[in-house]
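Chemist: Quick mapping for you: the protein sequence lines, in order, are chains A and B.
Convert by adding 17 to the 1-based position in the first sequence; the result is the number in our numbering.
Convert by adding 17 to the 1-based position in the second sequence; the result is the number in our numbering.
Hint data in this document are derived by calculation from the structure and do not stem from the laboratory.
Predicted, not measured: the structure shown is a model, and the values here were computed from it.
Mixed in with the good hints, there may be bad ones.
Any copy, or any two copies together, can satisfy a pair, since identical chains are not distinguished.
Stated by the list, open to error - Below, a list of computed lysine-lysine pairs in the BS3-like style, where the Cα atoms sit at most 30 angstroms apart: (1) Lys39 <-> Lys216; (2) Lys109 <-> Lys32; (3) Lys109 <-> Lys216; (4) Lys24 <-> Lys74; (5) Lys24 <-> Lys124; (6) Lys32 <-> Lys74; (7) Lys109 <-> Lys74; (8) Lys46 <-> Lys24; (9) Lys34 <-> Lys216; (10) Lys24 <-> Lys101; (11) Lys32 <-> Lys124; (12) Lys109 <-> Lys39.
Number of protein chains: 2
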Amino acid sequence: MHLIDLKVEADLLLKNKEIARKNREFFEKNGIKVVNIMGAIGSGKTTLIEGTVKALKNSLRIGAILGDVAGDSDFQRISKLGIKAVMINTGKECHLDANLIYQEVSKFHDVDLLLIENVGNLICPTDFYLGEDLRVVMVSVTEGEDVIEKHPEIFRIADLIIINKISLADAVGVNVDRMESCASRLSRARILRMDLKEKVGLEEWLEFIRGVLNVSGNSREG
Amino acid sequence: MHLIDLKVEADLLLKNKEIARKNREFFEKNGIKVVNIMGAIGSGKTTLIEGTVKALKNSLRIGAILGDVAGDSDFQRISKLGIKAVMINTGKECHLDANLIYQEVSKFHDVDLLLIENVGNLICPTDFYLGEDLRVVMVSVTEGEDVIEKHPEIFRIADLIIINKISLADAVGVNVDRMESCASRLSRARILRMDLKEKVGLEEWLEFIRGVLNVSGNSREG
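Taking the hints into account, I'd like the entire structure generated from these sequences.
Modeler: Listed below in structure tokens is the structure:
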């Protein structure tokens with residue numbers, strides 16, 4: 018027995034999809050490429066956005082939307098890099114939804130690239146398409162070797178899977194090859210190993226982002 | 018605007034509370050002490066249950082309910098220790114609820130201690146009282162120094178807060194004192210530093226569990 022009414026859930030997702038389409042129209046009309054970055058707390062989403070902004074802000078107009086249940090520490094980190102950034106505190110909600118993004122999109126009408134950091138977990142953001150071009154799912158090796166098999170749905174919808182903090186793999190007793198083969202079984206997404214403190218993977222990531230910017234109209238509907 | 022109907026949410030939580038009371042009655046009638054262990058993916062919940070079972074299974078009858086979206090790796094780890102264990106796969110749900118527990122409680126009628134591992138995130142389990150005696154919230158330093166301030170609600174309802182994997186604090190650039198003082202501001206819960214690989218904190222945890230077993234009728238309603 019599910020306590021939540023399935024009809025209510027279906028209505029909710031339908032409504033989300035409608036608003037996501039409006040976001041999508043806005044992004045296409047204004048030539049904005051949008052990347053939705055998902056992952057558990059501590060997987061490295063904010064650090065990845067920081068690295069991206071530092072590397073690309075002189076050649077691109079970048080915006081960021083930072084989603085969290087509470088607090089503004091991510092917003093503080095990103096806005097001091099001198100780009101347009103907005104914090105969305107979801108209160109009790111465990112994901113961003115299209116409507117929350119819709120309230121903010123007009124502020125980003127003049128950017129080339131909008132990076133959205135979703136709320137930190139590998140479950141709830143899965144079903145909520147925001148109107149983005151691409152979906153990135155990050156995991157840190159510190160989440161355990163079995164983190165991917167425990168959350169198959171979010172990896173199935175990913176366009177890029179990042180396995181992060183690989184320099185800590187030995188310290189936490191994790192075999193990165195096994196994580197990667199689990200990801201390959203679930204998804205045809207590209208898989209990228211990363212460790213930003215050790216400068217591993219940033220160049221490949223930036224190349225991926227440049228690819229997103231050069232390929233137009235590659236939208237995916239959730 | 019919230020897309021989810023507030024009335025639906027209130028009904029859901031009310032129904033959950035009713036079933037949690039039935040669980041509570043069952044636990045009290047059978048002299049079972051129940052600990053609900055919450056925390057993000059990789060915070061160390063399963064390892065803590067493993068350590069507890071190994072240390073106490075000769076003197077206590079212990080059961081475990083392991084919640085995850087998918088997969089049975091935690092169940093495999095715990096059931097091979099020779100205790101009664103049940104896996105609950107929630108599918109798309111980001112938390113256990115009282116009804117999911119209610120379906121399983123009769124299997125545990127003869128245990129002294131039931132350890133429940135909730136689904137891995139710091140958001141959704143907050144509102145769902147299961148009928149437990151005590152709530153434990155675990156965080157790993159790898160989740161970032163600001164993990165506690167980003168998730169105030171779950172720390173407010175905790176009876177014990179565990180800051181885990183402290184031996185990795187330097188490697189991930191986290192100040193454990195700052196995490197602890199943030200926890201103290203939010204909650205009057207006892208705070209325990211832990212690193213099970215380094216044998217830090219296990220004795221204090223076992224002492225806490227022995228306290229739970231010796232104090233009767235200390236139930237908390239969510």
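Chemist: Each hint needs a verdict: does it hold in this structure or not?
Modeler: Tested hints:
no.	hint	result
1	Lys39 <-> Lys216	neither (38 angstroms within a copy, 54 angstroms between copies)
2	Lys109 <-> Lys32	both (20 angstroms within a copy, 19 angstroms between copies)
3	Lys109 <-> Lys216	neither (35 angstroms within a copy, 35 angstroms between copies)
4	Lys24 <-> Lys74	neither (44 angstroms within a copy, 45 angstroms between copies)
5	Lys24 <-> Lys124	neither (34 angstroms within a copy, 32 angstroms between copies)
6	Lys32 <-> Lys74	neither (34 angstroms within a copy, 51 angstroms between copies)
7	Lys109 <-> Lys74	neither (33 angstroms within a copy, 37 angstroms between copies)
8	Lys46 <-> Lys24	neither (33 angstroms within a copy, 37 angstroms between copies)
9	Lys34 <-> Lys216	neither (37 angstroms within a copy, 49 angstroms between copies)
10	Lys24 <-> Lys101	neither (38 angstroms within a copy, 36 angstroms between copies)
11	Lys32 <-> Lys124	within (23 angstroms within a copy, 41 angstroms between copies)
12	Lys109 <-> Lys39	both (25 angstroms within a copy, 26 angstroms between copies)
In summary, the numbered hints that this structure violates are 1, 3, 4, 5, 6, 7, 8, 9 and 10.
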